[in-house]
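Asks: Using the hints provided, position chain B relative to the given structure of chain A.
There are 2 protein chains.
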Amino acid sequence: MNWSRGVCACRPGMINTLYLPELREMLASDNVVELREFCTALHPARTAEFMEGLEAEESWRVLQYADEDSRVQIFIYLTPERQVEICESQDRDAIARLISKLASDDRVDLMQRLSHEIQGDLLSRIPAAERREIQRLSQYPEGTAGAMMSINVVRLSESLTVREALDELSRQAEQFETIYYLYVVDAEQHLRGVVSTRQLVSAMRHPNTPMSELMETKMVTVEAMEDQEVVANRVARLDLLAIPVVDHEHHMLGIITHDDVIDVVQREASEDVQRIGAVEPLRDSYLGTHWLIMSWKRGIWLCILFFCGLLTAVALQGYGSQLAKWSWLIPFLPLIISSGGNSGSQSSTLVITALTRGHITRKDWLRVAYRELFVGGLLGLFLGTLGLIVAQLFGNSPGPLEAMVVPITLTLVVTAGTLIGSMLPLLFHRLGFDPALMSNPFVAGISDVLGIMIYMNIALLIL
Amino acid sequence: MNWSRGVCACRPGMINTLYLPELREMLASDNVVELREFCTALHPARTAEFMEGLEAEESWRVLQYADEDSRVQIFIYLTPERQVEICESQDRDAIARLISKLASDDRVDLMQRLSHEIQGDLLSRIPAAERREIQRLSQYPEGTAGAMMSINVVRLSESLTVREALDELSRQAEQFETIYYLYVVDAEQHLRGVVSTRQLVSAMRHPNTPMSELMETKMVTVEAMEDQEVVANRVARLDLLAIPVVDHEHHMLGIITHDDVIDVVQREASEDVQRIGAVEPLRDSYLGTHWLIMSWKRGIWLCILFFCGLLTAVALQGYGSQLAKWSWLIPFLPLIISSGGNSGSQSSTLVITALTRGHITRKDWLRVAYRELFVGGLLGLFLGTLGLIVAQLFGNSPGPLEAMVVPITLTLVVTAGTLIGSMLPLLFHRLGFDPALMSNPFVAGISDVLGIMIYMNIALLIL
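For the protein sequence lines, the chains are A and B, in the order given. Under the numbering used here, the residues of the first sequence are numbered 1 to 463, in order. Under the numbering used here, the residues of the second sequence are numbered 1 to 463, in order.
Read the hints as simulated data drawn from the structure, not as lab findings. Possibly wrong hints are sitting among the right ones.
Below, a list of computed lysine-lysine pairs in the DSS-like style, where the Cα atoms sit at most 27 Å apart [as the list claims (entries may be wrong)]:
#1 Lys-363(A) with Lys-297(B)
#2 Lys-218(A) with Lys-101(B)
#3 Lys-297(A) with Lys-363(B)
#4 Lys-325(B) with Lys-325(A)
#5 Lys-101(A) with Lys-218(B)
Quick look at which bits of chain B chain A covers, simulated, 3 or more residues with Cβ under 8 Å [what the hints assert, rightly or not]:
#6 35-43
#7 169-176
Where is the CB? At the ideal position from N, CA and C, for every residue including glycine.
Next up, chain A with everything else stripped away, as it sits in the complex (with noise of 0.2 Å):
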C-alpha cells in the first residue's frame, strides 16, 4: 500500500482520515507486514497525523506493531490531548516504558498533563535515573527557563582534544537532544565555553587542538528562573540553536534548543492574541477544548465586560434628563464610545507586541505617552472633522454651535482612549502582570464610560 499518497493534502494538526478505514482493517485482521510498514515507512509526524483520527486504544495496539524507537518517535507527535489519553488508559508497566525513552523535557511536559494519582503511579514504575531527573526538572515553575530545559547535553572537558571530542561524539551521538553544540566545563561542572559541531568539524585537520583553544567563550546564557518569554527572545534575536541553562554559579544545568523556542513564540502568540481578544487562553487546540471549558474560559470575560457595560448604563441614566431635552444626541452616541474603543484597543494592542517583542520596555512610557497624546490627537481631529461632516449630512442639530458637540466629543474621546489604551498594558506590566490581561477589556470599559461623560459635559458646556 502506498502510504504517501495523500500526505501533501494533510495540513500539521489536522486530522487526516484518508487511511482510517485501512488501519482499522489491517488491526482487525491483526495484519503484522502492513501496521510494521505504516510504523516506518513515513516520517513519524506523518504517522502520526494519519493516527489521529483513531480512538486511544487503537492507536496504542498500531504503537506496538513499531520497533522501541519509532514507538517513541511516533508518540512524540501525537496531540498532547491523544498522549495523556493513552496514558491514562493504557497498561501502566509498558507506558513507563514508554516515558522513560522521552527526551527528558517532553517527559516532564506530559507528567504534568497527567493526573497526581497516574503520575505517582508511572513514577514508581520509572527506573530511578530518570524519575529523580523528572523529579528535579518538575520543581522548576511553568513559564521558566528550567522547566523548558533538556539535561541530555553534551558536556566535555577542556583538556579533550578535537580527535577525542569527535571520537566521544561518535560513541554517544544517538542519546543527546542536540549534538550541535558541545558545552565545555571543568571538574565543578561550571560553564567555560562551546564548541559547535561546526567548528569541531572545521578543526579535523588539526586534531590535537584542545577544546579550550576552540571554544568560544563569549556566551549567552538563561538563568533556569527566568521567563521563557526572555529565552525564545533571545534565542530568536541570536539566531541560536540551543541557549545554556545555567544557576547562579553559572553550573551547567542542560540546554533550550530551537524546537522548544518556536513552540512557546507560537504558543505566546496565541495566548496574547487570544487575551486582547478576551478570551482566557485555551490550553489545547480550539477543536479540542471541550465545549464547557470554552465556554468558562468566554464567559468569565463577557462577564467582566458586561458589568463594565452596565456602568455604561448608570451613566447614561444618570444623564437620561438631558438625554430626552436634547434626543438628537442619541444616534451618536454608540458611534461616539466605539470610536474611542476602538482608538484604544488600537493603541493598548501596539503596545502589547511592543513588549512582548521587547522593543519597548516600561522605562519608555513617557515616550510612548508622548507618541500617543501625538498620535492620538491626530487622529482624534481627522475623526471630528468627519463628524463635523457628518452632523451637517444628518441636520438633525438644531444649529451650528450645537453641531459642534459631535466632532469636539469625538476628538477628546479618541485621545483620551488612545492615553488610556497605551498607559493601561504598561501599568499592568508594572504591577507584575501580564499586559495583554485584562488591557483590552478594561481600556474598553474605562473608555465607554469616559466617552459619555465627555460626551454630556461638552453638550452642557456648549448649549
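Replies: Frame of chain A; chain B shown alone:
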C-alpha cells in the same frame, strides 16, 4: 575597558545607551585598540545592541575597525532600519562588498528594503555570481518559501563515503548557512535524501559507508511557491533544524533554517495581533515607526470603523420615534451593542488563531458553526439571565413584560455575534484574504447594527 558590564541589563531590541559617550570619544580620538576590542570582545549581537544609539554614519565608522567577518556579523544584527540607513548613505563600493558577504537570504531581504535606484547601483558593483543569485532569489514573491530560502547548502553525491563527506565538510564548513543537514542530490540536482551531521558523526566508525546507504529518504520538503506560514507550521510541527526547498520537479533549490522560521512566526504573530486590534501591521518596531506612518496605519481602520459606527447612527435615527416613546430602553443601548461585539470578537479571535496554527481549515466550517451556535447560545442565555437580574434591580421598565426586552435581546445578540464572529474569518479565508484582515472591524460593524435592529424589533414585538 570591560565591555561585559551592562550586558545583562540589556534586553533584545532595546536601545542600550550605556557606552555611547565612550564610543563617541573613541571615535573622536581614533582609538584603534579600544574600538577593535569593542568589535570583537562580545557576541556580535551584543556589539550591535551597544551601537544602536549611534547615528548611521558613526555606526559605519565603528564597523571599519572590525575585520571583514566581524563587520558582516555585527551588521546583520543591527536593526533593519539602521541597515537601510547605512546602505543608503555610505560609500557604495564598501557597501557592495559587505552585501556580497551576507548570507543569500539576508542579502535579498536587505536589497528589497532599499530604494530601486540604490538597489540598481549596488547590484552593478556586486560580483556577477552573487548578482545572479540575488536576481534569482528576488523573483519569488515576498511571503513565499522561495523568498525565505538560502542557497548556501551542502549538496553531496550519493556515491560519496562517510570519510569523503566529512573531508568535504571540514573544508567548507564555514561558508554554508547550516552544516547540520547534508543534502544528497543526483546529477540533475534532484533531491534524493538527507544525512544529518549527527548520523554522519555516528557513522565515523564505518568510514567507507556510502551516503546512499546512510541517507534518510523519508523527507519533508516545501515547494518554493508555498506560503511562509505553511513552512513555519511544518518546521515547528516536525521540530526541524531546516527544511529543503524544491521546485515541482523536486530539484533542490535551497533551504530554510530554524532561525528564519522563528522570525516568521514572531512577525506573523505580531501582524495577526495588530490586525485583530484594527491596526494595519507595522513593518518596523513601534518606536521605529514614523508618526505619519503610524497615524496612517491606524487612521484608515479608525475611518472604516467610523463609517461602520455611522450605520448605527442611521439605524438609531430610523427608530427615533420608538426610542422617544420608550426612553427607558436608551441606557441599555451601549451594553447590548458591546455584548454582541465582544462575543463576536471572541469568536473571531479563536477562529483566527486556530486557522493560523493550522488547527482548523475552512472545510471545518460546519463543525465550527455548530460549536459556536451552541457555545454562543449558552453564553447568550447566561448574559440574558444577568440582564434579567439587572433589569429588576434598575427597576426602570414599566412592567414585568417590558422587563423581558433586555434579557431576550441580550441572548439573541450574543448568539448572533458569536456566529458572525466565527464565520466571517472563514469567509475571508475562503475568498483568499488574510482571515485576520478586516474581521474584527467587520464583526463589530455588522453586530452593532444587528444589535440595534434586534433590540428595537424585540421591543416592538413585546410592547
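Asks: Check each numbered hint against the structure and report the violated ones by number, ascending.
Replies: none
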